[in-house]
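Peer 1: Read off the chains here:
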Amino acid sequence: MVKNRAPMRTIRRWSAKLGGAAVTLLASSFVVFAALAAAPGDPVSQLVGQKATAAQRAAMRAELGLDDPLVVRYWHWLTGVLHGDLGTSLTYRQEVSALLGPRIASTLALVALSALITLATGIGLGVFGGVNSRWRPAMNALTGLGVAIPGFVAAAVLIGVFAVGLGWFPTFGAGSGFADRLWHLTLPALALSMSGTAYIAQVTAAAVGEEAGRDHVSTAVGRGLPRSLILRRHVVRNAAIPVLTVSGLMAASLVAGAVVVESAFAIDGLGSLLVKSVISKDYAVVSAVSLIIVTVFVVVMTVIDAAQAALDPRLRERR
Amino acid sequence: MSTAQIARSPALVKRLARHDLVLSATMLLCAILILLALVGPFVTPYPPDQTDILAAGQGPSALHPLGTDSLGRDLLSRLLAGARPSLLFPAITVLISSVLGTAIAIAAAWHGGRVDQVTARVLEIMFAVPGILVAVIGAAVLGTGPWMPVVTLSLVYIPYVARVVRSAAVRECRLPYVEACRLAGLSGWRICTRHVLRNVAPLTVAQATLAFGWALMDFGAISFLGLGVQPPQAEWGVMVNEGRPEMLDGALQQSLSAGLLIVLAVVTFNILGERLSARIGAST
Amino acid sequence: MKPQLLDIRRLRVELAPRERRGERRTVIHDVSLSVAPGESVGLVGESGSGKSMTAKAVMGLLPRGAVATGEILYRNRAVLEMKGAELAGFRARGVSMIYQDPRAHINPLRTVGDFLVEGVVASGAMRRPEALEAACALLRDVGVTDPRRRVAQYPHQLSGGLLQRVMIVMALLPSPELILADEPTTALDVTVQSDVMAILSEQIRERSLGMLFITHDLDLAAAVTDSLAVMYAGVIVEHGPAADVYAAPRHPYTAALLASRPSPTSVERPVSIPGRPISAFEAGEGCVFAARCSHATGLCRTERPDPRPVATGTVACHYAEELEPAEGVRS
Numbered sequence: 153m154v155k156n157r158a159p160m161r162t163i164r165r166w167s168a169k170l171g172g173a174a175v176t177l178l179a180s181s182f183v184v185f186a187a188l189a190a191a192p193g194d195p196v197s198q199l200v201g202q203k204a205t206a207a208q209r210a211a212m213r214a215e216l217g218l219d220d221p222l223v224v225r226y227w228h229w230l231t232g233v234l235h236g237d238l239g240t241s242l243t244y245r246q247e248v249s250a251l252l253g254p255r256i257a258s259t260l261a262l263v264a265l266s267a268l269i270t271l272a273t274g275i276g277l278g279v280f281g282g283v284n285s286r287w288r289p290a291m292n293a294l295t296g297l298g299v300a301i302p303g304f305v306a307a308a309v310l311i312g313v314f315a316v317g318l319g320w321f322p323t324f325g326a327g328s329g330f331a332d333r334l335w336h337l338t339l340p341a342l343a344l345s346m347s348g349t350a351y352i353a354q355v356t357a358a359a360v361g362e363e364a365g366r367d368h369v370s371t372a373v374g375r376g377l378p379r380s381l382i383l384r385r386h387v388v389r390n391a392a393i394p395v396l397t398v399s400g401l402m403a404a405s406l407v408a409g410a411v412v413v414e415s416a417f418a419i420d421g422l423g424s425l426l427v428k429s430v431i432s433k434d435y436a437v438v439s440a441v442s443l444i445i446v447t448v449f450v451v452v453m454t455v456i457d458a459a460q461a462a463l464d465p466r467l468r469e470r471r
Numbered sequence: 012m013s014t015a016q017i018a019r020s021p022a023l024v025k026r027l028a029r030h031d032l033v034l035s036a037t038m039l040l041c042a043i044l045i046l047l048a049l050v051g052p053f054v055t056p057y058p059p060d061q062t063d064i065l066a067a068g069q070g071p072s073a074l075h076p077l078g079t080d081s082l083g084r085d086l087l088s089r090l091l092a093g094a095r096p097s098l099l100f101p102a103i104t105v106l107i108s109s110v111l112g113t114a115i116a117i118a119a120a121w122h123g124g125r126v127d128q129v130t131a132r133v134l135e136i137m138f139a140v141p142g143i144l145v146a147v148i149g150a151a152v153l154g155t156g157p158w159m160p161v162v163t164l165s166l167v168y169i170p171y172v173a174r175v176v177r178s179a180a181v182r183e184c185r186l187p188y189v190e191a192c193r194l195a196g197l198s199g200w201r202i203c204t205r206h207v208l209r210n211v212a213p214l215t216v217a218q219a220t221l222a223f224g225w226a227l228m229d230f231g232a233i234s235f236l237g238l239g240v241q242p243p244q245a246e247w248g249v250m251v252n253e254g255r256p257e258m259l260d261g262a263l264q265q266s267l268s269a270g271l272l273i274v275l276a277v278v279t280f281n282i283l284g285e286r287l288s289a290r291i292g293a294s295t
Numbered sequence: 023m024k025p026q027l028l029d030i031r032r033l034r035v036e037l038a039p040r041e042r043r044g045e046r047r048t049v050i051h052d053v054s055l056s057v058a059p060g061e062s063v064g065l066v067g068e069s070g071s072g073k074s075m076t077a078k079a080v081m082g083l084l085p086r087g088a089v090a091t092g093e094i095l096y097r098n099r100a101v102l103e104m105k106g107a108e109l110a111g112f113r114a115r116g117v118s119m120i121y122q123d124p125r126a127h128i129n130p131l132r133t134v135g136d137f138l139v140e141g142v143v144a145s146g147a148m149r150r151p152e153a154l155e156a157a158c159a160l161l162r163d164v165g166v167t168d169p170r171r172r173v174a175q176y177p178h179q180l181s182g183g184l185l186q187r188v189m190i191v192m193a194l195l196p197s198p199e200l201i202l203a204d205e206p207t208t209a210l211d212v213t214v215q216s217d218v219m220a221i222l223s224e225q226i227r228e229r230s231l232g233m234l235f236i237t238h239d240l241d242l243a244a245a246v247t248d249s250l251a252v253m254y255a256g257v258i259v260e261h262g263p264a265a266d267v268y269a270a271p272r273h274p275y276t277a278a279l280l281a282s283r284p285s286p287t288s289v290e291r292p293v294s295i296p297g298r299p300i301s302a303f304e305a306g307e308g309c310v311f312a313a314r315c316s317h318a319t320g321l322c323r324t325e326r327p328d329p330r331p332v333a334t335g336t337v338a339c340h341y342a343e344e345l346e347p348a349e350g351v352r353s
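Residue numbers (the numbering used here), protein chains in the order written: chain A, 153 to 471; chain B, 12 to 295; chain C, 23 to 353.
Where hints are given, some of them may not hold.
Below, a sample of chain A positions facing chain B; criterion: calculated Cβ distance under 8 Å [as the list claims (entries may be wrong)]: (1) Leu188; (2) Ala190; (3) Ala191; (4) Gly296; (5) Ala300; (6) Phe304; (7) Ala308; (8) Leu401; (9) Val412; (10) Lys433; (11) Tyr435; (12) Ile445; (13) Phe449.
If you are wondering where the hints come from, they were derived from the structure by calculation, not from laboratory data.
Even for Gly, the Cβ is constructed at its ideal location relative to N, Cα and C.
With the rest of the complex left out, here is chain A:
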């Protein structure tokens, strides 16, 4: 009887989760939209120019739908987005979707490479430090310094030392072709992942250390199980749950960090586009990029939720 009801419950739980994700997405996109609508500055004067008559302005306002109530404008924007129409950039005089395409690719490459570095190095270092308590102080010192290096400082130091000083890497730009791109991306990815890598290492080491001290691990030791098996099946496996949560958040925050690092390395990506658009008050671009970043967040959070349930049987039956 219990078994028969389980799939139903799973379906209901998942539809609730997906519904929650959709609501979060909707709510946060509305907040961003409303905030930008409340921003000072008149997009009309930028479009029609300072010398336009009042009538011309009014016509432009009506054409852009700026006289409609906020909710109506949000609705228009949302339906537009769902049809693939993200609006028109005022500064670039171009469809926003056309602006985004190539920039998404370069940001994605940067974030993916950084995520790879962050997770592989961070978790590797963390497990090592968590298991080998002799190396723990050295690792703590290293990661304590690492988490305190913000992306823009890391960028400055890396450019100064490896690009200008030693000349091993290019200072700016994205490069062309796979190898050249990777070469151009190395320093930005390192700068972007430095603080996150150290943080993941700290969290992993703490989780592994805590798990290793738990009673069920001493049960396993007392049963004469091989050390490698205990580490794999009981310590690391159980520590994976908190590490997973933090890793997901970290991967998502790399997207935000890209805003800074792209600007520092003059990479033409979503982040630098966002900063430029904020400064030039190009709100169509700002809302589109925000929407993308918010979506990434909501998706990552939902994936974390799912992965947690997969890793922790105790979470599978809640509610």
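Using the hints, position chains B and C against chain A.
Peer 2: Okay, now just chains B and C, sitting in the frame of chain A:
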């Protein structure tokens, strides 16, 4: 238990300093940084904004111990003058979010039930939102300047304090003495401010110290992007940015020295915050 | 002398200092104890008396930095000197431990079946399918109905009593010769305590396993064991056949412990022991119980008594021969 916890707070600092070299060093650094923020702008060898084209782009010398930037401004003076905005704005930010966060946390814990559940969920979602992003979008709405990140980041950091304080406050509210106070006729406001707040206060301080580390980094990044403190005012994040063109000519000192100061400050407050929370964890 | 299964000789355990340059803390002063094959020995004491630490020392599970001196012999092999494969083999096949709190001592993320067969599969004693088969049979023996469903479940889906039976099966599955049971029923609901205890002692008797049964409950220990060792502040103060110790306690501490139990038949206040229980590292030069003992003299405060044979057992008291055995409980 409650009396023991209340009696604990004053002796905390004294006990903290004992047997802990790293902590003593950290507290000394912390004091130096606070002193820099207070008197830094008054002890600059040159006016921080004074340009001198003849002395532009110099390396360290007797006249300019750290050299000059491309406009000939004295770097040491700019670093000293930059200490105040670099440290003060993040401090104000964290102060606001700690007060709001603690109030929200205690209110949620006190009311319990659905209020608490919803608060916890909202805090969890807010925790995932990175500060830089909110501040960048905030700049579109509020314009650039140092107060913009103060407003936006103080909202972003609310969950940094509230999440941890909330779980402590929930535990506190479940203790029998709270029930006893209620039965004795004390009002909810009085119990929360006199007892619950007092007992979670050390935790608030510890979390706020940690959040200050994040605030230093985020605030520096906002200024680096040109959205926070505006040049020509000296600020460490601004200086890392202004040093970038000089760096291509091989003059690393501006970006490196300002960046190093940020890292040093972050490390200091991170260690302090961690030790504080460890001590609090150990004594409860 | 009959061959012993487990022989603890003058065990002394000191823990690493809490702070750097602090002092080592002694948790066990002097414990000598033996378990013959098929014998059940009760180790009774208050919390902090060092009884659980004794079990940990036997398993080689002492905390990091702890120093153990003396001897622990398992079938004449020195446990304290075992390393690597030998220690793993001893833990996997020689001795099994049943812990107090099954909820904390079983990995919550693995199924009950995984937990049960993990040991025998890892040691190569059985393959997984046959190990699961054997585990199910044992689960049935300890009164778990529907074992096939249980092995597919996770620990949080089982009640505490059920989980402790799972723990008992885990201990029995590799067919060890010695079981260490550390307060196996203390964490359970009162209603299932006697069930679980009955199942455990039945299994021990059927398989004629040796058992070191650790408890704070003198009555329970007297009921299920052959001999009793009473421990206080890291010292075994009295040791002898269970019935004799229970009926005529000779050490003042044992007598006081028996007298301080609440009686099930009267509502009079039990006679509590004056003073508070001390930890082993608080004990001075003299007898560990001297501060709370009504018979204590100057000698007791300056010199620690060695255990000496009295009647059927041993008693660590300077006045063991002179003091009349106290009134215990005749079973």
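Peer 1: Indicate, hint by hint, whether the structure satisfies it.
Peer 2: To see whether the hints hold, each was checked on the structure:
{"no.": "1", "hint": "Leu188", "in the structure": "holds, 6 Å"}
{"no.": "2", "hint": "Ala190", "in the structure": "holds, 6 Å"}
{"no.": "3", "hint": "Ala191", "in the structure": "holds, 4 Å"}
{"no.": "4", "hint": "Gly296", "in the structure": "holds, 6 Å"}
{"no.": "5", "hint": "Ala300", "in the structure": "holds, 4 Å"}
{"no.": "6", "hint": "Phe304", "in the structure": "holds, 4 Å"}
{"no.": "7", "hint": "Ala308", "in the structure": "holds, 4 Å"}
{"no.": "8", "hint": "Leu401", "in the structure": "holds, 6 Å"}
{"no.": "9", "hint": "Val412", "in the structure": "holds, 5 Å"}
{"no.": "10", "hint": "Lys433", "in the structure": "holds, 7 Å"}
{"no.": "11", "hint": "Tyr435", "in the structure": "holds, 7 Å"}
{"no.": "12", "hint": "Ile445", "in the structure": "holds, 6 Å"}
{"no.": "13", "hint": "Phe449", "in the structure": "holds, 6 Å"}
When the structure is compared with the earlier hints, no violation turns up for any of them.
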